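A.B. asks: Take a look at the letters that make up each chain.
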Amino acid sequence: QVKVGVINSLSGNFAAFGSRYNTGMLVALEEINADGGINGQKLELITQDDRSEAQSALAALESLNKQDVPLVIGSYASGITGPLSKVATRQKLPLIVLGSADDSITKPGSDWVFRAKHNSTIVANAYFNYFDNLRQKHPELKKIAVMYGNGAWPTSVSEEGVRQAEKRGYEVVGKQAYDQGTTDFRPILNKFRTSSPDILLTSSYADDGIAIARQIKEVGLNAKVVAIDTASSMISFIQQVGDQSENIVSAVSWSPDVKYEGTPQLYERLKAKAKEEPSFYEAEGYLALTVAADALRRAGSLDREKVRDALAKTNLKTPVTDVTFESFDGFKGQNPIKSVIIQIQDGKHVTVFPENLASQAAKLSN
Amino acid sequence: MNSVDEVVLKVEGVDLGYSTLQVVFDVSLEVRKKELVGLVGGNGSGKSTILRAVSGMIKPWKGRILFKGEEISGLEPHQMAERGLAHVPMGRQLFPNLTVKDNILLGSYLPRLRANRERNLEKVFSLFPDVKKFAQTEAGALSGGQQQMVAIGRALMLEPDLLIMDEPSLGLSPLYVKQVMQAIRQVADLGFPVLLVEQNIKQVLQFSDRTYVLENGRLVLQGPSSELEGHPMIRKAYLGL
Amino acid sequence: MQIVLKADSIKVQYGGLIAVNDVSLSLEKGQVLGLIGPNGAGKSTLFNAITGFAPVRSGNVTFLGQDVTNVPPYVRTRSGMGRTFQTERPYEDLTVLENVLVAAFLKNPKRKDAEEVAMSALEKVGLQDRANQLSSDLNLARLRRLELAKALALEPKVLFLDEIMAGLNPPALKEMIEFLRTLTATGMSIVMVEHIMEAIIQLADHVIVLASGNKIAEGSASDVINDERVIEAYLGTD
Amino acid sequence: MFDYVSFFQNLSNGVLIGAVYALIGVGLTLVFGVMRTINFAHGDFVVLGMYFAVVLNGALGWDPYLTLVLAIPLGFIVGALIQKFVLTRVIDAKPETMMLATLGVSLVIGNLLLLVFGGEPKSVNMPYAASTLKLGEIRISVVLLYAGLATLGVIAALYLLLNKTEVGRAIKATAENRLGAELVGINTKKIQAIVFGLGMALAVTAGVSLIPLLFASPVTTGALFTLKAFVVTVLGGLGNIGAAIIGGLLLGVVEVMGASYLDSAYRDAYGLLVFVVVLLVKPEGLFGKSVKRV
Amino acid sequence: MSKHMLFLAVMVVLAALYPLTLSAYITVGISVLLFTGWATSWNLLGGWAGQLSLGHASFVGLGAYIVAIGASQFGFAPWWSMLIAMAVAGILAVIWGKLTFGLHGPYFSLSTIAIAEIMRLVAINEGWLTGGASGVFIETLPEPFGIDLFDKTTQYYMALVYAAITIAITILISTRRFGYQLKAVRDNEEAAMAAGIDPTVIKLKAFVLSGVLTAVGGGIYGIFLSFIEPHIIFNLLLSIQIALTVIIGGRGTIWGPAVGAVLLVVSGEVFRTAFAQANLLVYGVLILIVILVLPRGIVGEYVHKLVRRKYANRA
Ligand SMILES: Nc1ncnc2c1ncn2[C@@H]1O[C@H](COP(=O)(O)OP(=O)(O)OP(=O)(O)O)[C@@H](O)[C@H]1O
Ligand SMILES: Nc1ncnc2c1ncn2[C@@H]1O[C@H](COP(=O)(O)OP(=O)(O)OP(=O)(O)O)[C@@H](O)[C@H]1O
Ligand SMILES: [Mg+2]
Ligand SMILES: [Mg+2]
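Residue numbers (our numbering), protein chains in the order written: chain Y, 7 to 372; chain L, 169 to 409; chain U, 156 to 393; chain S, 39 to 332; chain X, 480 to 794.
Warning: the hint list may mix true and false statements.
[What the hints assert, rightly or not] The calculated BS3-like cross-link candidates involving lysine-lysine, where the alpha carbons are at most 25 Å apart (straight line), are:
(1) L/Lys227 x S/Lys228
(2) X/Lys631 x Y/Lys72
(3) S/Lys202 x L/Lys300
(4) X/Lys784 x X/Lys482
(5) S/Lys202 x L/Lys269
(6) U/Lys370 x L/Lys346
(7) Y/Lys319 x Y/Lys113
(8) L/Lys227 x S/Lys122
(9) Y/Lys344 x Y/Lys323
(10) Y/Lys9 x Y/Lys312
No lab work stands behind these hints, which were simulated from the structure alone. Quick caveat, the model's predicted, so the values are computed rather than measured.
Using the sequences and the hints, build the whole thing.
C.D. replies: Okay, structure coming up:
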């Protein structure tokens with residue numbers, strides 16, 4: 007059989023994400039083996055926990071390297087994936103990025119590191135393509151305020167967002183960072199309220215989003231478009247925030263109603279495995295392993311160099327997204343994925359942009 | 169009342185020590201009602217250790233300790249206090265950030281003592297007028313000697329069936345030493361039995377009814393204090409005569 | 156005779172309480188100054204003020220001709236003061252020898268020399284058998300002696316002793332008095348606070364009596380113990 | 039021109055957030071006062087309270103505030119048991135040892151929650167979560183107001199307990215000198231269990247009161263609350279119950295004002311800076327005191 | 480040469496053979512050595528001088544950042560950066576110590592958390608200085624004598640030398656005047672003053688030594704990760720882990736930190752592979768058990784028993 011190494015955060019701070027990625031990979035694994043595995047050989051995962059720590063991730067990589075895996079998939083946080091990508095490159099061991107979306111992982115990138123999911127530049131662009139699209143019907147959308155947690159991902163999305171806003175002729179009326187773990191956003195939101203932005207773009211981790219949504223309402227900030235990146239894409243967000251979650255948008259790499267071939271079936275399988283409503287995290291896990299299996303099949307060998315070459319030539323359609331690895335804008339080994347915008351409508355996530363993938367029309371908050 | 173009832177404290181052949189080090193060997197002693205009993209001996213002979221065992225801070229290795237007829241080995245200090253034992257330890261063990269008054273009032277913490285709290289407080293104040301002067305001061309700010317008085321006062325608040333004291337005169341000025349010893353005698357005369365550890369053997373022999381003499385963890389002499397005063401060994405070894 | 160220590164009108168105040176009020180003293184080389192008085196009279200406080208551990212409101216301390224009033228305690232130690240504390244302060248996690256070693260290092264930076272000094276200090280107080288025991292395992296009387304050994308190992312010019320005789324039985328007391336005599340014979344001066352009058356009478360060249368922070372009498376031991384005020388405030392009548 | 043409306047808006051927010059901080063801090067300060075140890079698991083206790091409300095709300099539809107009826111006694115019992123069976127073993131060791139033991143408790147609680155409930159943040163959806171009271175142009179969060187009232191109630195109750203009851207006396211005595219307390223008949227082990235139980239009950243109360251507004255994550259949220267609690271209690275003076283209020287309010291106002299008028303990215307730093315400055319000027323905290331003698 | 484030095488020499492020789500025999504676990508070996516070095520450095524302040532710092536991740540971060548920024552922005556060789564890091568760490572320790580040594584017990588510990596948190600916020604928010612939230616990559620390093628510094632075996636030997644130096648310094652201090660001055664200040668500041676010791680100066684020396692040595696380990700850590708991010712490195716948890724390593728091993732002992740590092744890192748690694756999701760739970764339980772059963776730490780309890788036994792035999 008063929009063994010693939012996985013480094014994932016199953017315990018520690020990022021365990022919530024780790025277990026979702028794991029679910030997605032398990033679904034992909036079953037699918038791949040049902041389809042005859044890798045050219046007739048059964049695919050197996052050697053999964054190692056990194057305790058949400060960089061040292062442990064490196065220890066895991068070392069041990070996987072010694073087990074002669076043809077490639078490794080991992081991990082979630084950029085602080086962990088960054089060191090992994092460096093060492094993998096040195097060991098000439100192909101690495102498929104599992105969760106990390108930070109630009110720096112594939113920019114400048116390396117010959118051995120591949121990312122099928124989005125990065126912060128792509129996501130920021132997705133938001134602004136969406137806003138531009140809305141603006142065609144609602145030219146009054148002009149003023150934008152940006153709030154973000156000071157982690158790597160929210161910061162880079164927001165900084166790229168501000169660049170895009172200026173380039174595309176929006177008026178940035180506020181840009182405020184907060185320390186991860188803050189629970190009181192009223193000072194920022196109150197400040198924003200005085201300049202009455204039309205668009206509120208907040209980028210946060212899952213936890214903060216719940217409190218932010220409640221406090222937006224509480225302080226009486228009436229933006230017409232409210233984006234709460236990532237956090238609002240979770241089902242639990244709708245459950246916990248309730249009515250105030252209505253019309254909030256987020257960019258994601260995948261959503262259950264996005265119009266790719268096989269998406270509905272994938273949704274069902276993910277849901278069955280997760281025993282709850284799946285999110286894009288599960289889908290990204292699925293994506294990473296699917297990409298790996300495709301490359302292994304085409305390489306026809308477990309030789310790392312050959313696997314690397316096969317990965318570089320990937321041209322794959324999946325129920326999550328289309329995948330090719332390209333060099334552009336300083337990126338390398340990056341899939342120029344089309345991120346989608348999902349909106350909460352009537353207590354459900356629906357895809358509203360880009361229009362060719364959308365299932366519903368976008369709505370304004372006010 | 170039979171004679172067994174008369175015995176308040178009975179220590180029967182105890183061995184005591186710390187971790188692996190034995191310091192007291194096969195000591196037996198007793199204290200009866202209305203008695204003031206002295207326990208004397210050289211530095212490090214194990215006097216404090218015996219008191220600690222009586223009040224439950226350490227457990228005997230061997231032997232029994234009976235308090236009012238009840239076997240008490242294994243009880244905690246607070247259980248001993250409930251049963252009517254008051255211990256004035258060396259080092260006083262006051263509550264430094266509480267006022268002197270609160271320190272003394274805590275002596276009548278146990279429910280059965282609360283009714284007489286105010287009356288007992290007045291008694292203590294009349295015994296130690298200085299303490300009254302500092303009633304509202306934090307105990308930690310008092311001088312060493314003043315603290316000693318507070319500690320004795322607190323113990324008296326317990327209306328104890330037995331009072332055990334570890335060198336109560338330590339650090340007291342001569343005037344107070346006399347006062348404290350007289351007070352202890354008074355307390356004993358009131359019917360509170362007292363087991364008193366002191367360095368000042370002259371004082372002990374003068375004020376107490378009976379005395380035990382300890383040497384290197386073993387009892388070497390015991391008897392009525394008046395008899396011991398003239399004992400040649402006492403005169404030589406402890407009075408330096 | 157050479158005056159080693161002089162204190163002029165020392166005043167120490169804690170909040171509203173004047174613990175030491177306008178007390179002066181002086182001490183000659185090789186002499187013993189006794190400090191007595193009722194509990195809370197301010198003896199330890201005066202002691203602390205001179206050695207730098209209590210804040211001085213007004214007045215001056217002169218030590219070996221230098222004004223040390225505003226000098227931190229460790230500097231006073233380096234210039235020749237050695238003291239004990241009324242409530243003993245061992246370094247609990249160190250052995251008895253190591254406790255003394257800390258002090259011995261002051262004048263002897265080399266471990267070997269320091270160890271010799273420390274050992275001889277322990278011998279002087281009769282703790283040599285306990286050298287390798289943890290100081291937290293000592294009983295009170297031995298801790299007292301350890302305090303003294305620590306002060307001796309500093310090889311001080313003036314030794315400040317706060318009630319080191321408390322809790323000693325008569326033979327031990329006698330020994331201690333003898334020992335302090337041998338120290339003064341070598342030219343060391345001593346300031347001692349003591350409630351044990353026997354010791355004061357036998358040792359002190361000069362006695363100062365404090366009550367409520369004020370100096371109420373001074374003079375030779377025999378003068379003082381016959382002083383009316385002292386008897387009333389301190390000694391009591393038989 | 040100075041914007042008074044937003045100033046008072048921020049001030050009132052700061053005060054209310056401060057009350058929440060005080061509520062989180064008061065249990066920590068109580069435990070410190072008696073045990074002389076910093077409880078690193080305090081924030082995790084707050085989170086336990088949150089999960090308790092989430093679970094009861096999910097299973098039985100109870101309003102979080104109603105769950106307090108069960109949460110407080112339960113918290114007390116669990117706290118007392120932790121003291122009795124775990125911490126009491128190191129009570130005689132150095133304070134740091136006990137501190138590290140509470141850290142172990144914290145690791146265990148956080149990871150147990152993670153195993154049982156998964157890592158997703160949990161919250162409850164209450165209709166009043168985002169509702170406000172309007173005073174002129176100033177909006178006041180209803181949930182924060184509830185939490186503020188809870189703080190007042192809790193601190194008043196604690197004050198009475200500590201100063202007007204025999205248990206309170208016994209707690210103070212145990213805090214000062216355990217052997218001394220034993221000698222007057224106080225069962226100090228029991229008192230310590232009571233105090234730790236109280237500390238935990240207070241933490242749980244804070245968690246339950248906050249869940250309509252915030253969220254609970256198993257590992258991360260606890261650490262954040264613990265840190266806030268540290269700052270609050272040290273600002274006021276460790277072991278001083280009333281001062282926890284002042285410490286909390288001060289921290290709340292400083293943070294909100296700093297975030298509003300300076301840079302919100304440094305919000306936590308303002309609180310910490312004030313904390314360091316207070317310590318430098320008054321090493322025992324604003325209201326701390328200790329008698330020291332040589 | 481003392482018997483501790485001899486033992487250290489033997490241990491270093493054995494450790495030097497490790498990459499040859501257990502080549503699949505070099506990363507774990509590096510972690511053990513780095514934690515040994517950090518914990519031993521922490522011990523100088525926390526164990527010997529009794530100042531329980533919960534902010535030592537600041538020094539790790541400082542070392543790592545200076546080496547990383549030096550390499551990525553200015554092309555400095557790591558050894559020069561390391562010297563700069565040592566100087567900066569020393570200055571930081573002096574300022575930090577001057578500010579906080581008036582504080583005692585828990586107040587000191589909490590103040591170190593506060594200062595470390597402030598430094599974390601600065602590292603995150605001052606992107607011009609630190610690369611901000613997204614962190615810094617070390618892309619290239621010089622190759623002195625053809626030695627590849629990115630090579631894990633090379634890093635292992637760097638960490639070994641580092642850990643050995645920290646232990647050697649501790650051994651030297653332990654029998655000398657400075658060591659006793661530290662312990663005296665820890666056990667009783669007033670008594671120490673009465674022995675002519677200026678507690679502030681002694682504590683400052685300990686803080687500087689401890690901070691500088693920790694920063695050196697931080698520099699190696701930076702090379703080891705070759706990518707550093709403020710959230711990962713300026714982390715309260717790392718500070719706590721360093722303190723925990725010492726307390727588990729034995730405060731104020733020579734070998735305690737190393738024993739603690741071996742136990743915690745190796746058990747962490749074993750649990751990671753054996754218990755998956757529950758591994759941190761098991762780890763927490765292990766820590767609790769060790770603390771409850773051996774409150775002085777593993778080596779601490781042993782040394783304590785040894786002193787007691789020696790005396791019992793003589794008495
Ligand atoms: N906590 C302890 N741990 C170990 N040994 C101890 C402890 N306390 C006392 N000892 C030892 O027990 C012996 C007896 O001590 P104890 O205090 O009972 O004597 P004592 O008769 O009260 O002496 P003193 O008159 O000096 O107070 C001494 O050798 C002492 O060193
Ligand atoms: N740090 C302090 N804060 C407040 N008051 C103090 C302090 N130190 C001493 N005092 C007060 O100063 C007075 C003098 O105390 P001091 O300790 O000097 O007495 P003393 O003469 O040494 O008595 P003793 O013989 O009992 O030791 C006492 O009333 C005491 O309460
Ligand atoms: Mg004794
Ligand atoms: Mg005194």
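A.B. asks: All hints, please: hold or fail.
C.D. replies: Evaluated hints:
{"no.": "1", "hint": "L/Lys227 x S/Lys228", "result": "20 Å, holds"}
{"no.": "2", "hint": "X/Lys631 x Y/Lys72", "result": "14 Å, holds"}
{"no.": "3", "hint": "S/Lys202 x L/Lys300", "result": "23 Å, holds"}
{"no.": "4", "hint": "X/Lys784 x X/Lys482", "result": "19 Å, holds"}
{"no.": "5", "hint": "S/Lys202 x L/Lys269", "result": "15 Å, holds"}
{"no.": "6", "hint": "U/Lys370 x L/Lys346", "result": "23 Å, holds"}
{"no.": "7", "hint": "Y/Lys319 x Y/Lys113", "result": "19 Å, holds"}
{"no.": "8", "hint": "L/Lys227 x S/Lys122", "result": "21 Å, holds"}
{"no.": "9", "hint": "Y/Lys344 x Y/Lys323", "result": "13 Å, holds"}
{"no.": "10", "hint": "Y/Lys9 x Y/Lys312", "result": "16 Å, holds"}
Comparing the model with each earlier hint shows no violations; every hint is respected.
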